[in-house]
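Given these sequences and hints, build the entire structure.
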Amino acid sequence: MTATERTHPPILKVANAAISYETRYGDVEAVRDVSFDVHRAQTFGVVGESGCGKSTVAFGIVDFLGPNGKIVGGSIKFQGQELVGRSQEELRKLRGDQISMVYQDPMQALNPSVTIGDQLAEVLTVHRGIPKDEAWKKSINMLDRVYMPDSANVMNRYPHQISGGQQQRVVIAMALLNNPALLIMDEPTTALDVTVEAVVLDLIEDLKHDFDTAIVYITHDLGVVARVCNFVGVMYAGEMVEVGSVESIYGNPLHPYTQGLMRCVPKLGATKESSILYPIRGRVPAPKDRPKGACIFAPRCDYATDRCYNEKPSLRQIEAGHNARCFYSEEIDAEGWEPPKGLVPEITPVVEEAEREPIIRLQNLKTYYEQESSSLLSLVGAAEPMYVKAVDDVSLEVPPGKTLGIVGESGCGKSTLAKTIIGLETPRSGEAEFLGFDITAPVSQRDVDLIEELQMVFQNPDSTMNPSYSVGQQIGRPLRRFKAVPGDQVRQEVIRLLNAVRLDGSYYSRLPRQLSGGEKQRVGIARAFASRPDLVLCDEPVSALDVSVQAAVLNLLMEIQNEYDTTMMFIAHDLSVVRFFSDYVAVMYLGHLVEIGPAEEIYAPPYQPYTEALLSAVPIPDPTADQKHIRLSGTVPSALNPPSGCVFHTRCPRRDLLPDGGKICELETPPWQYNSEEHRIYCHIPIEELRKMEPVVTSR
Amino acid sequence: MFVRDYMTRHPVMAEPSMSIVEAQGIMAEMQVRHLPVVETGKRLVGLVTRQTMRIPPTELASLNVWEITRFLSNLKLEDVMVKRANVVTTQSDVALEEAAQIMIANKVGCLPVLEDDVVIGIITEIDMMAQLADLLGGNVPGVRATIRMPNKKGELAKVTGAISSQGWGIYASGGVRTPKDPDHWDCVLKVRDVPKEDLLAVLKTIEGQEVIDVR
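Quick mapping for you: the protein sequence lines, in order, are chains V and A. For what it's worth, this note's numbering labels the leading residue of the first sequence as 1, then goes sequentially. For what it's worth, this note's numbering labels the leading residue of the second sequence as 1, then goes sequentially.
Each hint can be trusted.
Think about it this way: if two alpha-carbon atoms lie no more than 27 angstroms apart in a straight line, the pair counts; the simulated DSSO-like pairs of lysine-lysine are:
{"#": "1", "chain 1": "A", "residue 1": "K76", "chain 2": "V", "residue 2": "K93"}
{"#": "2", "chain 1": "V", "residue 1": "K77", "chain 2": "A", "residue 2": "K76"}
{"#": "3", "chain 1": "V", "residue 1": "K93", "chain 2": "V", "residue 2": "K137"}
{"#": "4", "chain 1": "V", "residue 1": "K628", "chain 2": "V", "residue 2": "K208"}
{"#": "5", "chain 1": "V", "residue 1": "K13", "chain 2": "A", "residue 2": "K76"}
{"#": "6", "chain 1": "A", "residue 1": "K83", "chain 2": "V", "residue 2": "K93"}
{"#": "7", "chain 1": "V", "residue 1": "K77", "chain 2": "V", "residue 2": "K208"}
Derived by calculation from the structure, the hints in this document are not laboratory data.
Rendered as structure tokens:
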């Protein structure tokens, strides 16, 4: 029965808030003119790219801005009480009693040297003065409430003894112990694996419902917003450019920036064509360079007119409950948008040559890490050696000029596989061939010609670049080392490479610290392509980047690949990115390959049960899409002692499709079943059964 | 139908040291008539309502206009609130009608809901009204029938039987002893998706019962 609709005034009311940081160069206005309301039992999502002021808003609500941050204007009212101008002591009381926060990294919120039970109980004993044993009991109840398995035992453990997802649940439990009226969550699932993220997002949804808590949810991920939020505020360069209900923002984005964001998010679309990414040109201005008295988005906007450069638009209502900060929201038709020339590379489809020999072929490749045994026998060297089976029995082939995407949760062996191919790890057994050469030898024993043909783009461009070498030197080094061009032409070649990654020659003498994240990754790509390799391994090349930059980098990679006919292996945890980027996809779990095939076939039934679970966990940036609800229980087992039979049997949600509750999965390793010539699935369930599965995502 | 289902969680609360002026502002802005006063840890120490804020004129009679201003601006919630010992409270697992009786017996308009002396919610007259409205199906369209039946076992079953035999469903219902007539009960039913005339015709066929009203 639906209850009578009751209206309540908002729990949190932020009006025209402006927040500045004091710096050596004077005050920098990080956030200005931000207004929004948060109601009980509703989630207000704040989205935007990094540096747009999302976290500053969150910290500003409770004045956690640090010594140099200050609220310079506007009002922030919580339950009718003005928070701006309160003393730290008053705010501290409020924070403990009525407002809680959950941060991105659970390990930073938990004290590593105190047991979880003591940390949880402390909240109650300190804030409420509840006796210790009672606080302990209440803490266990709350852990149960956040679906913590074996909660009573978890209380006695230290934070490092539980998994990342469980740590985040402890932090959420801690935030909820005082039954706060307002919960501020700053990227609470960004550090988690997609399957764990899905469980935590479900939990947040349940808690909002049960506790009537108002939630401010800060994230950069448009998919997550679509899943958990009721209302959304889109931030750009310190201003809120659009506010509305989640359906209206996704269904009918009114501000050109929001429209641009929607276009550069990879979707889990059915076809590759539907998932073309259109990056937003230009970059977010630094706070001191923001245009004054003008629309802040004008320099990057396709619709900008003189008015936009001379007058600042205000946030105004365009349709009921849907506001945007744009002069032309009524006129702009997002559907009719045409990408400007040169924004998206024109990829000419490569003419399929019949049966080209695979460029790389792995056969039963195994990479193990030996683990120190704690047994006494190990002292005399007589103990049975223990191995972490990081890559176990992997066989695959990649045809030249194609891209193989490798996906899986963290710890499934994706990166070890890449390291083994590149030669940073030595395989224990199995065969690996590249262009007919054996590549089981470590990189130090490889021929320079072989190294030249095998290059890598790393995840974190910061840690792969020497901070004291200029960009030119970094890209020039492989050119000199491999003698790719005569010594006197290195500089020209470097500039040509810089141009190829859309950076001009002036970058030649810059140092890495003078580049933005996206630019650094471009330099990393230019360096990898300097020796014109045949195979490039990309280990999460875009996961550290913002969506609009990510789109540009992905397009760039595709363009270069198209030009040089390079083969790529693309490691990622984001299934939508892989969908967009790859011709073939391999799914890994606990060191094993569980499914491999052409991308279209991976994203449609039949699925390996693990692939199905992964797909159903991906947050989709479309609040109207129907997605199957499959959640994996438990955590990834230790690779030191993987489960017998099928490695996935301990968590498999589809085991009951087999007779006897899937007894066979525990006893025997599954066979490879072929759905088509190239698409194979590692599972006991007959392929006919798997074919009957419904697609995971159906858009309306 | 327990207090926990109809109470307002996270009520607006105030500290004992808050000035009355500020409290009044908050009550106006948040549209509330009751303000639980809490100390650290949301422990209840008192309750402020519009009534408690009414200062008897005799107290101000001896003051001149400037003194009145100072007197008022120095007034804190702890000076005017109903002290904890006199605040009538309830728990979240109490049945709603029980809470209503507590409110009637004490002539109070709200009950702070406590758990170990910590305020977890508040339930007011308005919440009770909302429950009454929901109970009788006030929030859904449909046909509402009032039937008077003798105070005998099996009478209600006749009505429900007649309605279910037509394939209709009862959305909400309530029964009460007819005022000033202890031998009869008045029963209110809300039936959805049925024409008024059809329902009336069926109800009229029931022997010994009287259809008071159909709308």
